[in-house]
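For the protein sequence lines, the chains are A and B, in the order given. So the first sequence is numbered by this note's numbering: it starts at 1 and just counts up by one. So the second sequence is numbered by this note's numbering: it starts at 1001 and just counts up by one.
Please note: incorrect hints may appear among the correct ones.
Taking CB as the label site, the calculated pair distances span [stated by the list, open to error]:
#1 E1050/B <-> V280/A: 32 to 40 Å
#2 R288/A <-> D1008/B: 18 to 26 Å
#3 N226/A <-> T1082/B: 55 to 63 Å
#4 H1009/B <-> Y26/A: 36 to 44 Å
Everything labelled a hint here was simulated from the structure, so no lab data went into it. The model shown is predicted, which means the values in this text are computed figures rather than measured ones. Cβ atoms here follow ideal geometry from the backbone N, Cα and C, with glycine treated the same way.
Below, each chain spelled out in residue letters.
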Amino acid sequence: MRAAPPLGLVEPGRGAGLLDVFRQRYLLRLIVRQEMRVRYHRSVLGLLWSYVKPGVQFVVYFFALGVFLKLNRSLEDFSVYLFSGFVLLNFFSEAFANASRSIVRNAALVKKIYLPRELFPVATTYVAAIHLLPQVVVLFLGALLVGWRPSDGAFAAAALGFAVVAVLVTGLGLMLAALNVYYRDFENVVDLVLVVVVWLSPVLYPWSFVKEAIGPAWLEQLYLANPLTIAAQLFQRAFWYPGAIGTPEAPAFEEIIPDIFTRGIVALLGSLILLVIGQVAFSRLEGRFAQEL
Amino acid sequence: MTAVIQVDHVSKGFVLRRGRSLKEMAVLVTKGRPLTDSFQAIHDLSLSVEQGETVGLLGLNGSGKSTLLKLISGVMRPDSGTVRVRGHVAGLIEVGAGLHPDLTGRENIFLNGAILGMSEVELRRQFDSIVDFSEIETFLETEVKFYSSGMFLRLAFSVAVHTDPDIFLVDEILSVGDGPFQDKCLARIQELSAEGRTLVVVSHDLDTVAKVCARGVLLETGHKIVDGSLEKAITRLRTAHR
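Looking at chain A on its own, in the form it has when it is part of the complex (with noise of 0.2 Å):
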């Protein structure tokens, strides 16, 4: 005879959400890395594809802007700066397409059987930091060739960075995620913020052209309001600042936002706060997921 089971009745199919996921670290890691491999199926270039793209993206964006729109000039090292920015924002973009789409694309899973469906968005979060981390290592050498050395915060700015990021796309992912299997309008919606999101901070240009631009006290600190704004200026700490001096007429520390610790952490705390609104967004939906897919 098998031992009792365990005492206590207790609801089928409701979970402690992410920390489910915690907790099944090991179904966590399959998944991504049948992500991976169903990603890359059949691909000669298999993993080689995260660098094509953000290597050609770079390329056309560094030619557009920095060398037609001379943006070279008015800033020292543009390409690292750039790249800076870009990574992590390519980093949110692929985490929040792929996260919305997530559970609608795992809906044969999702009807079956009973899992922590929060093990979906994660997972895709998952894989684009897998996809990140390469970008990274060649932002970190492109840094180096043009005389980044290490210096007080690079390594806090960045690893802060990357936090800020990691938890908003969360939060937003699990959101949109579970909205979607309503209604797939969202995935339109998520393309949308995505197309804009790319000019709202300064990764394309540089910060101080909007602060002589962008007039009232007030609108200036809506643009910093945005948690990536800040992210992708925590990267430009990291990677870019400490390699670059600057001319009198263009002082790097010019180029960052002032307080930009304490803004990163601010933005931490917000993004946290949006991640238990997505959660709590997700939970409340999740009931239906079944019977909608």
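Go by the hints and put chain B onto chain A.
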């Protein structure tokens, strides 16, 4: 004895939206048709299953059997009433739901096993046994999409019967594969039941259900009609529809 599945006054309905886009809705409104249809799958149903029981859920298509199974597994939540379970619930709501066509047999064993709640240690310990049972050794490194339907089902079933749930739910899967494999599956299910696991089986194949289940619950349009011995439920099912 202790109840492991406790279903109290559960109702479950579905709302079928006829149109979701603005255009479709506008058309329906102008024609004066309702925007939604509702359908009640389960009406105020109560059921208590003790540990080690073997229950066959019977009924015609659309009687609410599969919905009830999904409520017990946690995939769906009831509109009213409560469903509570004790211990780990697993099973096959549909064969192969967790199999990924682009992954190999070996990868699928690990992924599907983990989805059904097995730990890494358990999977490594059971791996050889799963492969033996499924009889697909030579195709272990082949992607599952190249499997024949029989091989696919054998792999899925084999993983499922190696999980270690307290409550095992089986939906219409006893008709898996050829004769010898079906016998093997039945034997394995009887073995699981003999170990003291609780079994809830949905099947239209009454002979098969009779081999594994002692208790029968007959559903008709979401109502519980019979709850007693399996023979009683089968007799009622046969007389009602002949």
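Hint by hint, here is what the structure shows:
no. : hint                           : in the structure
1   : E1050/B <-> V280/A: 32 to 40 Å : holds (37 Å)
2   : R288/A <-> D1008/B: 18 to 26 Å : holds (21 Å)
3   : N226/A <-> T1082/B: 55 to 63 Å : violated (44 Å)
4   : H1009/B <-> Y26/A: 36 to 44 Å  : holds (38 Å)
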